[in-house]
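S.K.: Listed in order, the protein sequences are those of chains Z and U. Using this note's numbering, you'd call the opening residue of the first sequence number 361 and step up by one each time. Using this note's numbering, you'd call the opening residue of the second sequence number 3 and step up by one each time.
Some hints here could point you the wrong way.
Unchecked claim - So, partial list: chain Z residues that the calculated Cβ filter (under 7 Å) puts toward chain U: (1) LEU554; (2) GLY556; (3) LEU557; (4) HIS562; (5) LEU568; (6) LEU571; (7) VAL640; (8) GLY641; (9) LEU644; (10) ALA647; (11) LEU651; (12) ALA654; (13) LYS655; (14) SER658; (15) SER660.
As the list claims (entries may be wrong) - Between beta-carbon pairs, the in silico distance windows are: (16) U/GLU110 to Z/ALA586: 40 to 48 Å; (17) Z/GLY639 to U/MET81: 41 to 49 Å; (18) U/PRO288 to Z/PHE411: 51 to 59 Å; (19) Z/ASP410 to U/LYS248: 36 to 44 Å; (20) Z/ASP438 to U/PRO288: 51 to 59 Å; (21) U/LYS248 to Z/ALA451: 57 to 65 Å; (22) U/ASP164 to Z/GLY566: 42 to 50 Å; (23) U/GLY205 to Z/ARG633: 24 to 32 Å; (24) Z/ALA584 to U/PRO151: 55 to 63 Å; (25) U/GLY142 to Z/HIS488: 21 to 29 Å; (26) Z/PHE411 to U/ALA37: 56 to 64 Å; (27) Z/ALA585 to U/THR218: 20 to 28 Å.
Simulated from the structure, these hints should not be mistaken for lab results. In this text, a Cβ means the ideal position worked out from N, Cα and C, and glycines have one as well.
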Amino acid sequence: MRVVVAGAGTIGSLFAAHLARVADVGVLTRREEHARTLSERGLRVSGRSDFTVRVSASTDPGELGDPELVIVACKGGDLEPLAATIGGHFAGATVMTTQNGLGAEEIVAAHGGWPLLSAVTFMSGTRHDDAHVQYVLDTATWIGPYRDTSPEDAASVAELIRSSGLKAEAFPDLRPAQWSKLIFNATVNAVAALTGLPHDAHFAEGMLGDLVHDLVDEGKAVAAAAGAELGEDPWEMNVHATRRGHAHYPSMLEDVTAGRPTEIELITGSLVREAERHGVGVPLHAALYALVRAKEASYS
Amino acid sequence: MRVCIVGCGAVGSLFAANLAQIDDVEVWAYDASRAHVDAINAGGLRLSGAGDVVGRVRATADPGALPACEFGIVATKAMHTSAAVAATAHAFADGCVATVQNGLGNEEAIAEHVARVIRGTTFPAGRIVEPGHVQWDVKGDTTLGPFEPRPAPMAEVERLADACTRGGMPTHAVEDARGPQWRKVVFNASTNPIGALTGLTHGRVCERPDLRRLVTGLVDEGKAVAAAQGITLDADPEDLIDHAAKPEVAYDHKASMLQDVEARRITEIDYLNGGIVRFGREHAVPTPLNQAIWALVKGVEDSWTN
Numbered sequence: 361m362r363v364v365v366a367g368a369g370t371i372g373s374l375f376a377a378h379l380a381r382v383a384d385v386g387v388l389t390r391r392e393e394h395a396r397t398l399s400e401r402g403l404r405v406s407g408r409s410d411f412t413v414r415v416s417a418s419t420d421p422g423e424l425g426d427p428e429l430v431i432v433a434c435k436g437g438d439l440e441p442l443a444a445t446i447g448g449h450f451a452g453a454t455v456m457t458t459q460n461g462l463g464a465e466e467i468v469a470a471h472g473g474w475p476l477l478s479a480v481t482f483m484s485g486t487r488h489d490d491a492h493v494q495y496v497l498d499t500a501t502w503i504g505p506y507r508d509t510s511p512e513d514a515a516s517v518a519e520l521i522r523s524s525g526l527k528a529e530a531f532p533d534l535r536p537a538q539w540s541k542l543i544f545n546a547t548v549n550a551v552a553a554l555t556g557l558p559h560d561a562h563f564a565e566g567m568l569g570d571l572v573h574d575l576v577d578e579g580k581a582v583a584a585a586a587g588a589e590l591g592e593d594p595w596e597m598n599v600h601a602t603r604r605g606h607a608h609y610p611s612m613l614e615d616v617t618a619g620r621p622t623e624i625e626l627i628t629g630s631l632v633r634e635a636e637r638h639g640v641g642v643p644l645h646a647a648l649y650a651l652v653r654a655k656e657a658s659y660s
Numbered sequence: 003m004r005v006c007i008v009g010c011g012a013v014g015s016l017f018a019a020n021l022a023q024i025d026d027v028e029v030w031a032y033d034a035s036r037a038h039v040d041a042i043n044a045g046g047l048r049l050s051g052a053g054d055v056v057g058r059v060r061a062t063a064d065p066g067a068l069p070a071c072e073f074g075i076v077a078t079k080a081m082h083t084s085a086a087v088a089a090t091a092h093a094f095a096d097g098c099v100a101t102v103q104n105g106l107g108n109e110e111a112i113a114e115h116v117a118r119v120i121r122g123t124t125f126p127a128g129r130i131v132e133p134g135h136v137q138w139d140v141k142g143d144t145t146l147g148p149f150e151p152r153p154a155p156m157a158e159v160e161r162l163a164d165a166c167t168r169g170g171m172p173t174h175a176v177e178d179a180r181g182p183q184w185r186k187v188v189f190n191a192s193t194n195p196i197g198a199l200t201g202l203t204h205g206r207v208c209e210r211p212d213l214r215r216l217v218t219g220l221v222d223e224g225k226a227v228a229a230a231q232g233i234t235l236d237a238d239p240e241d242l243i244d245h246a247a248k249p250e251v252a253y254d255h256k257a258s259m260l261q262d263v264e265a266r267r268i269t270e271i272d273y274l275n276g277g278i279v280r281f282g283r284e285h286a287v288p289t290p291l292n293q294a295i296w297a298l299v300k301g302v303e304d305s306w307t308n
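The following block holds chain U by itself, in its conformation from the complex (with noise of 0.2 Å):
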């Protein structure tokens, strides 16, 4: 099996270098980073902190140099996905495509250029510590499922999952991984961005009753807009917000959309609550604290080019 992760970052190197544990796997990397393709091919991909692996993985910045591969998995942050899709698609004409990102509308933005989708969620996270070398930091298990409007076959589903979990990532194939999906971007569009905007820690955010209250006011428009498409959340976004702010789990955890913005880099908070709101007007479900928060964290973007 040949599988290309396209954008290696953090996420994306998880997957690589695990699966490139497993004998019948063969993996490459797409990525833009000439220094991290180069160190991944010079010495391998390596991991450490919650798993220390090493994996030999094929790493090109030039997407005419990748060979017809069965599968891909798209990594890149969600507003590079269109771009990368389009200029690797061609080694996926006879495979199937799925996303492990971030966010609303990948599936939708993979679906313009091949024709087999997977919607995927993940829970593991980590981050780049220098070129080829990437810090694990949390575990966490994958779902992945056909994506309706250009569904890939169940049972490649199935191969792509299990080749995950035998690499060293846990991945289940269901027949709807909406649930799954919505249940972090719910979780994500009601925590990232009120870090962004008041700089607070996730826990910080939770013990201020106001800021909580505001917090449920997006997740309630966030669980409207899932169960108005039959989406059934399989968890509850309240729990997992009220238990990663214990200290002992994610109190002190400043959002990724926070690093974002104190480097000054442009945020997913177009597919995050942005997704929440197009999808709400596409059922004629409003939502208004999301939209608000979109237009002040796109507000805070346009403050860097003023």
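Chain Z with its partners taken away, still in its complex shape (with noise of 0.2 Å):
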């Protein structure tokens, strides 16, 4: 079987590296520098997993095979750019997007006509290098059919990275894991990112366990209004997730704290956009989106 992982970021290079212990992985990067890497060196996983692969790498689709499935896991903010990129190849491929947020699927989807797998994923790592990826959280990869695939699809592609090493379930429908975790990711991601506090006990209690409750309420009142259902109760997870016993740091605070884009416009903007669209009003969110995007002009 042939698996192409389309971008090379920490979840990228994490699904890259175990699927290529059980398939023969390609990996497209958007530097030529990170191929030559990836192609000399391998691709390195510490952490919860403890080995080296080798892999194919090129910034050039057309060198990359004729692969069954596609991950496409690079940021958000990169997927226009990706998918343009991957327009007119890989005719034989089920493309499965990755991405935080709303509407990753529908723009891969005005790039071809591929069947495609949307999914959400909750694992995360720390990217060493080009070549060097640590795995974290060993948490699941959720995975749905999207357009012209089945829920057999779904199931088989969870069972593939399942036997690769990592976390992985399909649903029926994805659309409510989806929503679940955008509310929790537009919650977390925005409030860590402004206070610089890693995911922990401050988010489930106290004054800033309230403003996240509340944020979280008026993450439900969208959902309800564009008559999407939730999985999981966000705030159920989050609390859930500052049990763990260690401090997560959000990819959003790692992201402010380097002076890096956040993926701010692919999750809290989303969910204010769906607000608007269905009239609800989301003042705490459009607050943390404002707040946000002022963090990232700060920069300069």
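Put the two chains together into one complex; each comes in its own frame, and the hints tell you how they fit.
M.R.: Okay, here's the thing in structure tokens:
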């Protein structure tokens, strides 16, 4: 089986390295140097897994063969150019998106007629360099059908991912899980980015816990207005995550600490736009949206 | 007349050095900084910048050394009010104590320790350059009025205002000093924490439309809480915010709360947005945005000790 992982940040590197143990993996990178490093040195995983694998890598999708599965694993902000790059390639593949927020599937769908699966991933890691990623949180990836795919297709990709050593689960309809994660992410990521706090007990108690609860309630009101059912309760997800015993640094906090652009547009931005579309007031999320975007502007 | 400045930081020093210019006022200063106290006693308290003044001030870090005073002027950061006034209250057993601090709740904290309290708001600003020497950045007016639950007599408020004015700090005595206080609190609560959370200067906050809308949301909540108490603001905070955003005014100004956050000092958020939320609760006025901002800045402070 051949799999192409498009985008080799933290999540892409974790997928590529693990899958390379059970499949033939190609990695599509944005930078030539990154592709060269991967082809020469392979890809190392540390942390919860510890191994190094060989992968083929290129910036040109035409050099990555004929995969049956393409996992699009770039950050949301890079999705449009990446989808344009793979347009016209991988004719026989099913393409799976893994981005946070809403709307990644539509962006990819606009660039080709592939059957599509959608996924949300809760695993996390730390990227040490182009060829070394640390596997930190071994939480699952959830997969569901999107276009011209069946629940069975989702199940077989979940099985493939599980066989590689990562956690995955298939759902007949992913939207409830996507909405739960969207509300969870819009809340936790923005609060962490603005306060500098890792996702710890502060998020579940006291004044900050009240704010997190109110943000979750705003998100639920948007989901209800959009006619979307929720999977897990985002507040319960939050409380549960703060009790893991070690502090997790959400990616948006890492981004603002490093002075990088964040995924605020894709996460909070999509929630706020969805709220506007349905006439639901979300003053707290709108405030966080403005504040995080302003924080990005403060880098320059 | 004997006056003691409680907390002789930048603003306290402006009052101390200027009051010391007039013959009929004896100025004392209580401050926790030993170096500042020693420098003031050795060479006087020096102001430079908007005015160049050296004042003879009797400074001490020992509250027991204070004589009985007719007036106190409290100028500590808001979180130190209670401790500073508790330590010095004996000097004001027969006197009146005014606050010129930022935020809400200082009068209440002072009134726990002294009987006659003066509500106050001041706009001059400065910063300590070195012990005994303060840079006077901005001149401005001060407003004083009796604190309603434990009021100082109006005649005493007028005496203190007159002394400050003669010393070079223009001060008005009014029956209801809440208007200027809430104008300044709403201004500060709606802009300072936004700078602190984003890292942007006042001007850059104001030129981002979505952020400026958030500022207006905070201002509107503050105005509603003031209105519910029957307070008439003496100017619209929105006008002050837009005025300050002009390049020639304070476009490049980093809010003091941003400076606090950058230096990892505890901020005055509890007395700004926290004060608006508390007064809002007492008067059944919802303040969700001020509450959110309060929680976020407390989260920033918590992140330093995590």
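S.K.: All hints are to be evaluated individually against the structure, with a verdict given for each.
M.R.: Quick rundown of the hints versus the structure:
1. LEU554: holds (5 Å)
2. GLY556: It holds, given that the least Cβ distance between Z/GLY556 and chain U is near 4 Å, below 7 Å.
3. LEU557: Given a least distance of 5 Å, the restraint on Z/LEU557 holds.
4. HIS562: Since chain U brings a Cβ to about 6 Å from Z/HIS562, closer than 7 Å, the hint holds.
5. LEU568: Because about 5 Å separates Z/LEU568 from the closest Cβ in chain U, which is inside the 7 Å limit, the hint holds.
6. LEU571: Nearest chain U Cβ about 4 Å off; hint holds.
7. VAL640: For Z/VAL640, the interface hint is violated, since the closest Cβ of chain U sits about 15 Å away, which is over 7 Å.
8. GLY641: violated (11 Å)
9. LEU644: holds (5 Å)
10. ALA647: holds (5 Å)
11. LEU651: holds (5 Å)
12. ALA654: Since the shortest Cβ distance to chain U is 4 Å, the answer is holds.
13. LYS655: Where the cut-off is 7 Å and the nearest Cβ of chain U is about 5 Å from Z/LYS655, the hint holds.
14. SER658: With Cβ-Cβ at 4 Å, under 7 Å, it holds.
15. SER660: With a closest approach of 10 Å, the Z/SER660 hint is violated.
16. U/GLU110 to Z/ALA586: 40 to 48 Å: holds (46 Å)
17. Z/GLY639 to U/MET81: 41 to 49 Å: holds (43 Å)
18. U/PRO288 to Z/PHE411: 51 to 59 Å: holds (55 Å)
19. Z/ASP410 to U/LYS248: 36 to 44 Å: violated (59 Å)
20. Z/ASP438 to U/PRO288: 51 to 59 Å: At 40 Å between Cβs, range violated.
21. U/LYS248 to Z/ALA451: 57 to 65 Å: holds (60 Å)
22. U/ASP164 to Z/GLY566: 42 to 50 Å: holds (47 Å)
23. U/GLY205 to Z/ARG633: 24 to 32 Å: Holds, at about 28 Å.
24. Z/ALA584 to U/PRO151: 55 to 63 Å: violated (46 Å)
25. U/GLY142 to Z/HIS488: 21 to 29 Å: At 53 Å between Cβs, range violated.
26. Z/PHE411 to U/ALA37: 56 to 64 Å: holds (59 Å)
27. Z/ALA585 to U/THR218: 20 to 28 Å: holds (25 Å)
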